[in-house]
Amino acid sequence: MDCQEVRTTILESFEEPLPPWRISEVDSHLGGCPACARFAAVQQALDRRLSIGLRPPEMSLDFRSRIRQNVRRDARQLWSPALPDAVHFLACGTATLLSAVLLPFQATFTLGVGAAVTSVTYLVATAVRDALERADEPA
Amino acid sequence: MDDDVQQLLRARRHHEALERLLDLYEKKVFRMAVMMLKDAGRAEEVTQDIFLKVWRALPCYDGRAAASTWLYAIARHTCLSAVRAESYRRTLPLEEAPEPSGPALSPSDGALQQCLAKLPEDQRQAITLFYLEEKNVKDVAKLLDLPEGTVKSHLHRARRALAEMLE
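These protein sequence lines are chains A and B, in that order. Just so you know, we're using our numbering here: the first sequence kicks off at 42 and counts up by one. Just so you know, we're using our numbering here: the second sequence kicks off at 774 and counts up by one.
For the record, the hints were derived by calculation from the structure and aren't laboratory data. For clarity, every value in this text was computed on a predicted model and none was experimentally measured. No residue lacks a Cβ here, since even glycine has one placed at the ideal position from N, Cα and C. Certain hints may be false.
[Claimed, not checked] Incomplete in silico selection of chain B near chain A, CB under 10 Å:
#1 791
#2 792
#3 800
#4 803
#5 807
#6 813
#7 817
#8 825
#9 886
#10 890
#11 891
#12 904
#13 924
#14 929
#15 932
All chains, full assembly: derive it from the sequences and hints.
Pasting the structure below:
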């Protein structure tokens, strides 16, 4: 092995362990070459210094919970808060009007029943939504 | 590992898929952000943005690329945008610019930090990530979207340059 090969091998040794036969080749070269021995010592010292100096910083303890909060907030923002109620009233209104026209009952009776069913389902939906939001709150 | 994520996505279990991605990659993505932004506080904000983008994009992820490749691409683009925004911010008058919120890396070795800052950007990125990623060339190559041989070449050049600068 010449000096160039030895130095490349020394640099490679910081990335993955060398097979024993290459280590002995490098060692025998270093024994007779002070310049390469100096290169190896400097690189080993640099590796130690980098290992100590480049420690990864810690993430905040609440990092994951903040991501979850952001995701929840983002999921809510995709829909207008009023959209479920608007869809509910529109669907109930349409169904009530169609029933009033198509069913063989007095229109006032059908409209009254429709209004009552709309109100009850609105109250149930609101209660369920509130319960789900409370369950979704972080502990 | 990526298979778990793909299975969860096929089952449209997006929340669980996000949790799995966080388990697997949040630290790696954070370290890449630290390396690119050189500010741990800002890197954490950007990592939050990255996972929010990932969350929004999960329904569109088609599984053609590995989940890690897909996620790292989002992370790199978001970090680059943040770096560009930082460069723009530095051109603002001083009173309008917010203060950096925290140190980037262990500040104990000032001389080493100065020498690292003098390296060409590709070498600085490779050697910083190599040590932040517990000396794993494969991970560094994936994070930087570079062939492993190129990463090794950057590492060798960086080591030689740093040794010269520190001597």
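Here's how the hints hold up against the structure:
Because the closest C-beta pair between residue 791/B and chain A is about 7 Å apart, less than 10 Å, the hint holds. At about 9 Å, the closest approach between the beta carbon of residue 792/B and any beta carbon in chain A falls short of 10 Å, and the interface hint on this residue holds. Hint status for residue 800/B: holds, given a least beta-carbon distance of 7 Å to chain A, under 10 Å. The criterion of a C-beta within 10 Å of any C-beta in chain A is met by residue 803/B, whose closest approach is roughly 6 Å, and the hint holds.
Interface restraint check for residue 807/B: the shortest CB-CB distance to chain A comes to about 6 Å, inside 10 Å, so the restraint holds. Hint status for residue 813/B relative to chain A: holds, with the closest Cβ pair at about 4 Å, below 10 Å. A hinted interface residue such as residue 817/B counts as satisfied when its beta carbon comes closer than 10 Å to some beta carbon of chain A; here the least separation is about 6 Å, so the hint holds. Given the 10 Å rule on beta carbons, the hint for residue 825/B holds: about 5 Å separates it from the nearest Cβ of chain A.
Satisfaction of the interface hint for residue 886/B is found here, the shortest Cβ-Cβ separation to chain A being roughly 7 Å, below the 10 Å cut-off. About 12 Å separates the beta-carbon of residue 890/B from the nearest beta-carbon of chain A, more than 10 Å, and the hint is not met. Interface restraint check: residue 891/B against chain A, minimum CB-CB distance 15 Å, threshold 10 Å, status violated. The beta carbon of residue 904/B is positioned within 10 Å of a beta carbon in chain A (closest approach about 4 Å), and the interface hint is therefore held.
For residue 924/B, the shortest C-beta to C-beta distance to chain A is roughly 9 Å, which falls under 10 Å, so the interface hint holds. Restraint check, residue 929/B versus chain A: the minimum CB separation of about 5 Å is within 10 Å; hint holds. With a cut of 10 Å, the hint placing residue 932/B at the interface with chain A holds, because the nearest CB-to-CB distance is about 6 Å.
Of the numbered hints given earlier, the model fails hints 10 and 11; all others are met.
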